[in-house]
Amino acid sequence: MTDPNGVTRMPDPADPAGPTDPTETAGRTETAGRAQAQDLAVDAVSVELAGTRLVHEVSLAAAAGQVVGLVGPNGSGKSTLLRCVYRVLKPAGGAVRLDGDDLYALSARETARRVAALTQEHSAEFDFTVAEVVAMGRLPHRRGFDAPTDADRERCAGALRRVRADHLAGRGFLSLSGGEKQRVLFARALVQEPRLLVLDEPTNHLDIAHQLEVLALAREAGPTVLTALHDLNLAAGHCDLLYVLRAGRIVASGPPGEVLTPALLAGVFGVRATPVRHPATGAVQLLFDRLDRPTRSDRADRSPGA
Amino acid sequence: MNRAPTTRAVGPPVRRIPAVPLAVGLAAALLLSLVCGVAFGSSGIALPRVLRLLTAGLTGGRLDADEAAAYAIVWEIRLPRTVLAAVVGAGLAATGVAVQALVRNALADPFVLGISSGAAVGANAVLLFGAFASLGVWAVSASAFGSALVAMALVYLAARTAYGLTPLRLVLTGTALSYGFSAATTLMVFAADRGEAARDAMMWLLGSLGGATWGSVPIAGCTVPAGLTYLGCAAGRLDGLAMGDETSASLGVDPDRLRRELFVVTAAVTGTVVAVSGAIGFVGLLVPHLARMLVGAAHRRVLLVAPLAGALLLVWVDIASRTLLAPAELPVGVFTAVLGVPAFLLMMRRRGHAFGGRR
Chain A
1 MTDPNGVTRM PDPADPAGPT DPTETAGRTE TAGRAQAQDL AVDAVSVELA GTRLVHEVSL
61 AAAAGQVVGL VGPNGSGKST LLRCVYRVLK PAGGAVRLDG DDLYALSARE TARRVAALTQ
121 EHSAEFDFTV AEVVAMGRLP HRRGFDAPTD ADRERCAGAL RRVRADHLAG RGFLSLSGGE
181 KQRVLFARAL VQEPRLLVLD EPTNHLDIAH QLEVLALARE AGPTVLTALH DLNLAAGHCD
241 LLYVLRAGRI VASGPPGEVL TPALLAGVFG VRATPVRHPA TGAVQLLFDR LDRPTRSDRA
301 DRSPGA
Chain B
307 MNRAPTTRAV GPPVRRIPAV PLAVGLAAAL LLSLVCGVAF GSSGIALPRV LRLLTAGLTG
367 GRLDADEAAA YAIVWEIRLP RTVLAAVVGA GLAATGVAVQ ALVRNALADP FVLGISSGAA
427 VGANAVLLFG AFASLGVWAV SASAFGSALV AMALVYLAAR TAYGLTPLRL VLTGTALSYG
487 FSAATTLMVF AADRGEAARD AMMWLLGSLG GATWGSVPIA GCTVPAGLTY LGCAAGRLDG
547 LAMGDETSAS LGVDPDRLRR ELFVVTAAVT GTVVAVSGAI GFVGLLVPHL ARMLVGAAHR
607 RVLLVAPLAG ALLLVWVDIA SRTLLAPAEL PVGVFTAVLG VPAFLLMMRR RGHAFGGRR
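Heads up: the protein sequence lines correspond to chains A and B, in order. Read in our numbering, the first sequence has 94 at position 94, and its numbers run on one by one without any break. Read in our numbering, the second sequence has 582 at position 276, and its numbers run on one by one without any break.
With the rest of the complex left out, here is chain A (with noise of 0.2 Å):
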């Protein structure tokens, strides 16, 4: 099926966790395989921001413990969708279910003890230590004046040994650096102890070791994880199911190897895509040019793996 711009339109998934090509989704072993529970469903979710509509009538869904990518060009509603799930914007329409409760339904504080966020948000007036920040984890669990308990420093100490930043615990969190900081928050999601960890660009600003770092520990953690990316090979790398986003419109789902085909990255991006096979590991890799660049390709079809 193939839209007036071009764009190759998916079958809808009904089944999330469909069939998987493994060579290209080397990482991720039995996940695909065994979840069939559907942990979130975004259902005909509609986001309209001073009269102007971002989002039409999406629908997403993710399984238990699977890795759901959402990717788009720029202003593609991305990180408005994601804000829904997270709760910082009320739909206009449509619910976001989590094991078939409505979030909306649910209070601000039950909703933060199923759901965490890494968010685009790095900064601070204040000067919180480190393991100040990652204990806010726990507050949607506390109450009131409650001191943290003996429980709550373990899961936070836990938490950041998990994410190797224990040796981080007594500093100032202004003073961290970029990857020190995403690794704290990451560390303040886990201890939130959610079923649904929500990534926002969480590779944003990071040198390649941490972005892949970053991805490895969402893959880890155990929640199911949805994610905006920017990055479409680390999108294809790291997780089980893609959404393509353009204008506020799910233009195409699927397995990472399904969804990222030439012909909707022009379409989308507006990009010349060329997959390449990874020498080493057999994944796929895609090159980017601009449509308009003559490629040698253009005189003899080399596609890779033909």
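What the hints contain is simulated information worked out from the structure, not anything from laboratory work. There could be a bad hint or two in this list.
Chain B side only, calculated, beta carbon under 8 Å to chain A, not exhaustive [claimed, not checked]:
| # | residue |
| --- | --- |
| 1 | Asn411 |
| 2 | Ala464 |
| 3 | Arg466 |
| 4 | Asp545 |
| 5 | Gly546 |
| 6 | Ala548 |
| 7 | Glu552 |
| 8 | Thr553 |
| 9 | Ala555 |
| 10 | Ser556 |
| 11 | Leu557 |
| 12 | Val559 |
| 13 | Ala604 |
Pairs of lysine to any residue, SDA-like flavour, derived with a Cα cap of 25 Å [unchecked claim]:
| # | chain 1 | residue 1 | chain 2 | residue 2 |
| --- | --- | --- | --- | --- |
| 14 | A | Lys90 | A | Glu193 |
| 15 | A | Lys90 | A | Ser79 |
| 16 | A | Lys90 | B | Gly550 |
| 17 | A | Lys90 | B | Pro473 |
| 18 | A | Lys90 | A | Ala41 |
| 19 | A | Lys90 | A | His56 |
| 20 | A | Lys90 | B | Ala468 |
| 21 | A | Lys90 | B | Gly367 |
| 22 | A | Lys90 | A | Tyr104 |
| 23 | A | Lys90 | B | Arg475 |
| 24 | A | Lys90 | B | Glu552 |
| 25 | A | Lys90 | B | Glu567 |
| 26 | A | Lys90 | B | Gly538 |
| 27 | A | Lys90 | B | Gly470 |
| 28 | A | Lys90 | B | Tyr469 |
| 29 | A | Lys90 | B | Ala448 |
| 30 | A | Lys90 | B | Thr467 |
| 31 | A | Lys90 | B | Asp562 |
| 32 | A | Lys90 | A | Gly51 |
| 33 | A | Lys90 | B | Leu471 |
| 34 | A | Lys90 | A | Arg249 |
| 35 | A | Lys90 | A | Ala147 |
| 36 | A | Lys90 | B | Arg368 |
| 37 | A | Lys90 | B | Arg563 |
| 38 | A | Lys90 | B | Tyr462 |
| 39 | A | Lys90 | B | Leu564 |
| 40 | A | Lys90 | B | Ala626 |
None of the values given here were measured: they were computed from a predicted structure. Beta carbons: idealized from backbone N, C-alpha and C, even for Gly.
With chain A held as given, fit chain B onto it using these hints.
Below, chain B without anything else, positioned relative to chain A:
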């Protein structure tokens, strides 16, 4: 620019004082200072005698006839004044913490929302023109509080948007309306051509506890502890709010709702405090910073230490204001500024306390 490798820690870990022992120490110092506040004044009363007079008042013991004058000074003049100083100091410090979290700006203080300059309009209407004379001795306080509430409503309505109260809009609206209120006050001072009245107005604008009686204690004595209790319960949510709206929401804290609550609590506490003491500056800015520097930014600890420190500071500042040039009395605001400005500059230059996140 100076990005260090992520594996190497930059600088030493933050050093902090345990909050609970510090709070206990401050509370003890405050009790002692309250006694000192009663003892010191234009006519000094020896400490043992102060203690005897205070216990006599509490237990209903008998006193000699020649002690009646000293008893009156202690119980009717100095004690209410000292207690009020402590309450006002605690209130200003606590609302300072709240406003800084509310507008997410470390340079904010309770007066940035325009409430105090609003209160000044009402207070000066009474001081200069004798408005609401039927209220008698309560006229200044009642009028100040009333106009503080009006100012609060105006700021709230002007700053409100469809997306709730945003920090920047609150600060800008509060600042802009403050100028308007100040202009109204200045106009009144010029319109009233009584030299004495203008001096009263000046005294009120700089803050003074000179008018304190037992009658002025109850209102502030109720709202300040109530406000402190609310803020104490909201301490965890304040941490979330201080990290940003998105973070706050993802931690289950509705930032708009919390900001509305904070706005009302701050306005009520600031309004009642300003109504009885005038606009005492710098306490709400300086003390929260001092507390953060000592015990860190976590609001649970800051809100334990800051009110005690604010109370302690104001008790001593009040003692200074009425003893240094006795029998003349200086406005408290002069002392808070004289102490506050150098202390603030010193704190800003100190390493280990970040302002605005860059160091």
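Item checked: Enumerated hints in conflict with the structure, sorted upward -> 2, 3, 21, 26, 29, 35, 36, 40
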